[in-house]
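Residue numbers (my numbering), protein chains in the order written: chain Y, 1 to 223; chain U, 224 to 481; chain G, 482 to 739; chain E, 740 to 984; chain Z, 985 to 1207.
FYI, nobody ran anything at the bench for these hints, they're computed from the structure.
The beta-carbon is built from N, C-alpha and C at its ideal position, and this holds for glycine as well.
Keep in mind that a hint or two might mislead.
[To be verified] Which chain E residues face chain Z? A few, computed with CB under 7 Å, are given here:
no.: 1; residue: V887
no.: 2; residue: R888
no.: 3; residue: L889
no.: 4; residue: G938
[Stated by the list, open to error] In the DSS-like style, the derived pairs of lysine-lysine whose C-alpha atoms are separated by at most 30 Å in a straight line are:
no.: 5; chain 1: Z; residue 1: K1120; chain 2: G; residue 2: K571
no.: 6; chain 1: G; residue 1: K538; chain 2: U; residue 2: K473
no.: 7; chain 1: E; residue 1: K924; chain 2: E; residue 2: K847
no.: 8; chain 1: U; residue 1: K313; chain 2: U; residue 2: K280
no.: 9; chain 1: E; residue 1: K876; chain 2: E; residue 2: K849
no.: 10; chain 1: G; residue 1: K560; chain 2: U; residue 2: K472
no.: 11; chain 1: U; residue 1: K472; chain 2: G; residue 2: K571
no.: 12; chain 1: Y; residue 1: K54; chain 2: U; residue 2: K280
no.: 13; chain 1: E; residue 1: K768; chain 2: E; residue 2: K849
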Amino acid sequence: MDITAALGFLWDYRLALSVGLGNTLHFTALGLVFGLTIGFVVSVVRQAGHPVLKVIVTTYVEIFRGTPVLIQLFWFFFCLPAILGVELGNVFSTVLTLSLYMGAISSESFRAALKAIGAEQRDACVALGLPARVSVPYVILPQTVLRAVPTLLSNCVTLFKESALVSAVGMADLMYQGQMIADATARPIEILTATALIYFVIAFSVTRIVSFYERGYLARMRL
Amino acid sequence: MSSSFLNVQGLRKSFGGHLVVLDDINFQMEAGERVVVIGPSGSGKSTLLRCVMGLEKIDHGRIELEGVRYIEADPKSTKDNFVNIPVRNKVGMVFQHYTLFPHLTVLGNLILAPMRARGESRSSSTERAMQLLTRLGLESKAGAFPGMLSGGQKQRVAIARALLLDPKIMLFDEVTSALDPELVTEVEGLMLELAEQKMSMMIVTHDMWFAKRIATRVIFSADGRIIEDAPPSKMFTNPAEPRTADFLKKVLHVETIS
Amino acid sequence: MSSSFLNVQGLRKSFGGHLVVLDDINFQMEAGERVVVIGPSGSGKSTLLRCVMGLEKIDHGRIELEGVRYIEADPKSTKDNFVNIPVRNKVGMVFQHYTLFPHLTVLGNLILAPMRARGESRSSSTERAMQLLTRLGLESKAGAFPGMLSGGQKQRVAIARALLLDPKIMLFDEVTSALDPELVTEVEGLMLELAEQKMSMMIVTHDMWFAKRIATRVIFSADGRIIEDAPPSKMFTNPAEPRTADFLKKVLHVETIS
Amino acid sequence: DGYWSEVQKRGTLRCASAISPPYVMKDLKTGEYGGAYLDLCKQFAEVLKVKVEFVDTTWDNIVAGLQAGKWDMSPALNRTPARALVINYSGIAGYDEMNFAYLLASEKTKNPATDLSSFDVAGMRIGVMSGSAQDHKVTERFKKAQIVRLPDANGLNLALLSGRVDVAGADSTTNLLLQTANSEKVGLLEAHPALMKQGISFGLPPQLTYHDIQVLNIFLEEKVSLGSVDASLKHWSEVYLAGAK
Amino acid sequence: MGRYTWDFSVIAANWDPLMAGLAVTLQLTAICAVIGLVGGFLVCQMVMSRIAPLRWVAIGFIEVFRCTPALVQIIWIFYCVPFFFGVFYDPFYMAILALGMNITAFNAEAYRAAIQAIPSSHYDACTALGLSPLKKTLFVILPQAVLMAIPVLLTNTIGLLQQTSLVAIVAIADLMYEGKTLATQTYRPIEIYTTVAFIYFALSVPLSQVVGLCERRLRSRLA
Ligand SMILES: Nc1ncnc2c1ncn2[C@@H]1O[C@H](COP(=O)(O)OP(=O)(O)OP(=O)(O)O)[C@@H](O)[C@H]1O
Ligand SMILES: Nc1ncnc2c1ncn2[C@@H]1O[C@H](COP(=O)(O)OP(=O)(O)OP(=O)(O)O)[C@@H](O)[C@H]1O
Ligand SMILES: [Mg+2]
Ligand SMILES: [Mg+2]
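Bound-form chain Y, shown alone:
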């Protein structure tokens, strides 16, 4: 295959690909923000909430971890609006699904981190006479976040990758654009390889950051 011709071909479609990448990053970013918030709240509820609430959030986590993201997307796209009888925009449905999925997987990471902060640290807080209004924001929360960062970052990579599924419901993300161009031009090799490369470069960099963080920062603190 002629590399310069392939690059020239890709260059022609730079706009479509960058629009797709922009959408992918947009969906991922929104999913992250809402998903992490949901995840933290859920993990706290599971740790110390009302029993009824616990059952509800546990069921939620199990459902979203126990079904394919693809079916979740279809369900939120085509079932929920009809059941509720309200209009839900496509971007809204997409971000809703990704957020709920991210919330489910990251609640597990937060939970593990909360658990890893041994009872010893809580005892130390009592022995120092720290009330909850001090121990939670100054001792428990910072340690939870620091500890959860590596798994949360890999959850972010997971979400970024899973977001490719939104192409199946017609959201014009990177995957959708790549597929459209491949289909329309009947030249899948260049375009799909380029798409895969874009995903790879981003996901790979983030995983490097994760191991850098784990080796450097966390090791120094011996968390």
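Chain Y is already provided as a structure; the job is to place chains U, G, E and Z with the ligands on it using the hints.
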């Protein structure tokens, strides 16, 4: 009775309802006393200290400090005791595994409680903390994270952190048993210094030599009860109970400490 | 010289090329001797034992057992020493952290090496293993997994596992320092039993009382060198070197062991 | 108040866009939407004095999207009674026939019979756009062949060219464009008797009233009778073929 | 809420195709699970090999499959392999190829983590016991690695069950694909997508219970 400095009455503590770890403990202590608790593993030494600190829900009994009841079993509540928090805050405790907060520097660990819980200003608490660190020869470590300290340094910082709250009594639970043998001395040295300043203490340790040096009184506990309570001179040379003698023999490999 | 039972000559060991941990160690030992190595943390005691076992690549020197050189620094190879494996297999070693294999039962741990490395039949190795376990009072634990044993039991099984290979010499690296104080006695008891049977041993320990009881000879090492080498009666009561005296004082809290 | 006044309040007319040249097309280099039916969407939006918004989707979602209220119209939708049970339709804006494209080089599809019997054999893979009218007809007609449902027209074309399917059953115009672009590779087969001839119109949300539908119909009536739909089809076919070269 | 009238008769009427799809899903899962268990171990051995080129190939393989979306992998393999080699294999085999390589990469990491978790003192103990390198690998390292990796391997396999739904996008007639087809044919997406989601969920939940059980038992045994 209630004129004692520390007064533990009818203390009973079980885990899961059936494993009774402390069974009707009655124990008094005067200000300035240094009580060392010894006994076999699992005999409830740590649990006793944790109850005095208010870290465990007790089944029965009450604990008073300077005549004020600050912990009392509350049979109605399944989760908590009655706790008088201002009085409990006069008790300080240091644990076996350096429970410094790893995300804060040494100085950050020291000033957290004075600043956030006692409302002391940053400048005043920092000043007091730095004075204490200087006394301990640790002023150069103020900005270091706990992960960068040796075990002995960590434990001395943990003790300093408790001291900065001006406790009436300090509880030490095997604070040296996770340390390398040479590092033990620096921590024990600091405790001996506190002893000279007449700090009231309850100490759990497996180091009988240290026990002998620091204690004004030694308690031998087994199976959730206080078996013997005597001054160290008596306890280590001529214990009254055969079980105490037995235990000391096992731990010391020698008959008595001269 | 080369008639010694164990002969370490010109041993030098560094990590990463610059951190010299053992510096020109020369050391001989006769059959039946029990050498205890003491010294501050990081002084290279474990490293010395690991070199004798052949677990470390050495920079320089050689080690002989019964006159046969079995380890020699190989300056050409950056990864391995010259090792005479059949001779090295006459050395047995037990580590601080019970290195029983957690996926095998006690019996499985014991017969693994006889069966897989020595080619002994399953029935014969099982028989020998069961005899040994019975002697140790552990026959009921043969089918148990290590996770179900106490620390003291684990260490006794680990010693038994090494003994089943009929070693000429046993190396013990702080085998009791991770144990609860009462469990220490059962492991030390087993080692004393081996001593009575005239097993040659090199022992690293921080327990000076035990050192005094078991040693025929004590070596004090610091900074990668052997500082003092004397019988226990001399070492503990009247050490020649000020550094030794200093160290013993720190570790014992008393001037000498009577 | 009718449905269209709600659209006017919102200010945008949402049109589903699932690729099917020359009806619905998108120039990926520029991101411009085009095609004969999308032109009609644009013109209808002008009538309503609102902006037009094209929503990317795939064919198998096109009816579900109307049911779920994801868009206001699905252009270029074949009229079938089954669909009419769940959504509304505008009047007819054109007719759709289907035919079959196959690879000339393939042994399996040599000299196909016009009654389709040589396609309906075990091991034959017939590609269709998932959820399209052709999908339904082919599913009815073929009992032995395996039916492979692909999400859109381009995917179907690529599947045929890559050998993923042996035969592509699609809208005649779409197939004709494929054949014209790849005349040395692709052959076309017209079925006798015809498998289907269906009107194409706009699919509309189920809750529209008769009055709402009338609005669109009156608009369409004029466009069709003036021949502007045909002209537009011709134009976009040329654009497509120029791009495929 | 409640505007929608549910009608599950459509599920009963189309039970057979759904079950046929489920059979394909289960077949794909089972075959790829086996490939992943064996392949993962082999790739892990390559990663830990002394031969540098073998190591590089294996690490490259793992990173590529871990850092790109599974959907991209599947579509790449479906569209690009025929163009490269001019042949189109049976799509079922292509699906197995794509999913199998994906799970192999993830399992290789699980094995590697397990092997690295074996304390170095066990290697020393083997030397002290006179076990040769081969015997050491065979009787000490391998069994421990497999035991310790089991929970993660099982988790990956549950993930695989959900991943298989992606092949619906390239028209392999699995459960998801049958669901999608039925949804567009019957115009009752709500009942159908809900049922399909429930089937996936009903398969995943008992599996994750098993994982939890395994984890607890292993942890108590290997403690
Ligand atoms: N949180 C807990 N839940 C259940 N049982 C517990 C708990 N904490 C302690 N125990 C049990 O209570 C008993 C006493 O424990 P404790 O830690 O007080 O003993 P100890 O005298 O401090 O022993 P050691 O010398 O080993 O520290 C033990 O049998 C222990 O297993
Ligand atoms: N694998 C290694 N890599 C680098 N340095 C090492 C390694 N093993 C040991 N060291 C260093 O070698 C020195 C001697 O270690 P060694 O474990 O032999 O001491 P030790 O006398 O056994 O101490 P301890 O009483 O704490 O067990 C220490 O400074 C240690 O940090
Ligand atoms: Mg304790
Ligand atoms: Mg050592």
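Against which earlier hints does the structure fall short, listed by number upward?
When the structure is compared with the hints, numbers 4, 6, 10, 11 and 13 turn out to be violated.
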